[in-house]
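Peer 1: Taking numbering that gives the first Met the number 0, the leading residue of the sequence shown gets 0, the next gets one more, and so forth.
It is worth saying that the hints were derived from the structure and are not from the lab.
Please note: incorrect hints may appear among the correct ones.
To be verified - Label pairs and their in silico Cβ distance ranges:
id, residue 1, residue 2, range
1, Ala110, Phe46, 43 to 51 angstroms
2, Arg54, Val103, 50 to 58 angstroms
3, Ile44, Ile77, 34 to 42 angstroms
4, Ser69, Val103, 21 to 29 angstroms
5, Ser93, Arg59, 34 to 42 angstroms
6, Tyr49, Asp101, 44 to 52 angstroms
All values derive from a computational prediction rather than experimental measurement.
We treat Cβ as the ideally placed atom computed from N, Cα and C, and that holds for glycine.
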Amino acid sequence: MTGGDHGWQIGSHAVMSSHHITALIAQESSGGGGAIIQLGILLLIPFAMYFFMIRPQRRRMREQQELQRSIQVGDEVITTSGVYGIITGEDGDSRFWLEIDDDVQIRIARAAISGKASTDDDVEEADDADESVSANADDD
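Could you put together the complete structure from these sequences and hints?
Peer 2: Encoded structure:
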């Protein structure tokens, strides 16, 4: 048998892994502290990916599901395709009737709602409030 007493073939994953571990231990014992740092960095990558990618995506998904559950008749919404309308009725648990124009209604899936639409009046009122706050700050 090649590869020593263990019966492993040279180049197998088990032999390669044991060679890498042996090399890391040899570097550490010979004063190669850089290998420990490199190993630590490699172990931190999955944690960083979780905190910077996976966790925020789960939070966004949870917020989207809560929004879709909170939609009621009379809410103005925007769909994932960019269609604005007003919810006029429910058609089961997973569908709504959406009025997109006078006497024009379409049936959409609950999952197709991307958010509640803010009316232009709400945006103008928010802008006016921001201007009055900045004007008051300038007076001080």
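Peer 1: Work down the list of hints and note, for each, if the structure agrees.
Peer 2: To see whether the hints hold, each was checked on the structure:
no.: 1; hint: Ala110 with Phe46: 43 to 51 angstroms; in the structure: violated (31 angstroms)
no.: 2; hint: Arg54 with Val103: 50 to 58 angstroms; in the structure: violated (41 angstroms)
no.: 3; hint: Ile44 with Ile77: 34 to 42 angstroms; in the structure: holds (37 angstroms)
no.: 4; hint: Ser69 with Val103: 21 to 29 angstroms; in the structure: holds (25 angstroms)
no.: 5; hint: Ser93 with Arg59: 34 to 42 angstroms; in the structure: violated (21 angstroms)
no.: 6; hint: Tyr49 with Asp101: 44 to 52 angstroms; in the structure: holds (49 angstroms)
The structure fails to meet hints 1, 2 and 5 from the earlier list, while all remaining hints are met.
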